[in-house]
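Participant: Just need the whole structure built from these sequences, with the hints factored in.
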Amino acid sequence: MTPQAILFCILAIIAIVAAIMVIIQKNPIKSILWLLVVFFALSAIYFSLNAQFLAIINLIVYAGAIMVLFLFVLMLINFKSLETIQKKYRFVFYAVVIVCGVLTLLMLLINQTQSLQKVSILNDSNNVGLIENLGKTLYLDYGVPFELTSILFLTAIIGAVLLSKIKKIEI
Amino acid sequence: MDWSFILEKIVLIVIVILVTLGLALYTTFAERKVAAFLQDRPGPNRVGPMGLFQPFADGLKLIMKEDLIPSHANKQLFILGPFLAMSAALLVSGIIPWSTPIEINHTKISLQIADINIGVLYAFAVVSIGVYGILIGGWASNNKFSLLAALRGASQAISYELPMGLSLIALICLTGTLSLSDIVQQQAQAGHWWYVAYQPLGFLLFFICALAECNRTPFDLPEAENELNFGYHQEYSSMKLGFYLFAEYVNMIMSSAIMACLYFGGYDVPFVDETLLNPNLAAVLGLISILFKIVIFLFVFMWIRWTIPRFRYDQLMNLGWKKLMPLALANLILTIFISLILKS
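Sequences listed follow chains Z and R, in order.
Note that our numbering gives residue 59 to position 59 of the first sequence, counting from 1, and the numbers run on in steps of one.
If you want our numbering, it's the 1-based position in the second sequence plus 1000.
Since the hints were derived computationally from the structure, they do not count as laboratory data.
Note that the Cβ used here is the ideal one computed from N, Cα and C, for glycine as well.
It is possible that part of the hints are untrue.
Quick partial rundown of chain Z residues pointing at chain R, CB under 10 Å, derived from the structure [unchecked claim]:
1. 27
2. 43
3. 64
Facilitator: Printed below as a string of structure tokens:
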């Protein structure tokens, strides 16, 4: 195995173990902290694939902003009141079936798609994931989809502001 | 990647961390002296000549105290909190170009631990991780004052990250690169001014946001002692408290270093062409230069702390969202327009 493969294996194991810890933790705060570990491991994998921008944006957006907001909300919840809620295992069964089905479909698709099979990361091509190339690809090749996505985001932001402005919603 | 490279980096990391901690130690002392000066009193002057050994006495006091973990606290997270705060604060030191490379036996040794080409974003990411120390510590203490302080700290940090990021983007439009060492080198070129001359408003916004991110007065709401007793580290004692207090000073040093690199030329000595000097001499001059800039920023931080009263919570949010955000956006748009006009 190449050093890169060993590194990938270590990081992947960390990510998977942490992801499992996210679901089996009883304390939601600890779940979030394990999720943070997952993000860090994923970012490290991105780094090892030379996608520095993606790695750091993953940290800034998910670890730095979204997870902080999650923690923020969870800290104000009284967990003891949550423990009394009865768990419905019927839904767990359906959830497992659906998730496994989606996963199998994805695997089959990835196996059949030609363009995904032959992707290999070349160690010596040092500028694949660098911010300059990413910017050029985004703005020159995929300009219109990019702008459409930004309009989508803008709509979401305006919607969020509107929701917080309306004090009473009459239904 | 050979072993000498790894050894060189490890030695550099140890030196940088030790120097940062030493500097932080004496920043606490300087803070007390500056406070004393501004309030017209002598300040600590008993331990050693002019009170110079005071920080060691303080450190000893913190270590010797009993390390209490409240019985109702969440033990693991309670310990994790100060650790996170401290490590996040120290992580920034990895990307700061402390000086030009030194030469030993004709091999160049860089004084920057990691020259990654997204240095600015890395610093931004680490700053946004830093808030976890406060949040987790405050929540794990299981104390309503600590929790309130932690929530205040988190909302403040998130709010002020936005104008900070926007003022950074305006700067990046000018530099065209995210690498800190490249940004410093651009400013060190002869005939190129420091970026504060091109981005005065951006620097001001960045400075205000840095104050808020370091939880310094007037933004020290997470530890407003008259409202929240002692803030998010109220239940902490001994060295865990020491870590929290220390992390604040390390944060101050790191944000001063980042500001010096981004806006004040980093290791650049004004009106001196470093390329003409002996590389080792230039490196030493550069190191003195960046340390001098850091010390000046630290002094301004302290000056502000002992001059300006604390904001109320609504004032803090109004300032962040209704004043700094539009200003940062205007600054960004103006910068883009002007640089486009000048380039075409």
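Participant: Provide an ascending list of the numbers of those earlier hints which the structure does not satisfy.
Facilitator: Of the numbered hints, all hold.
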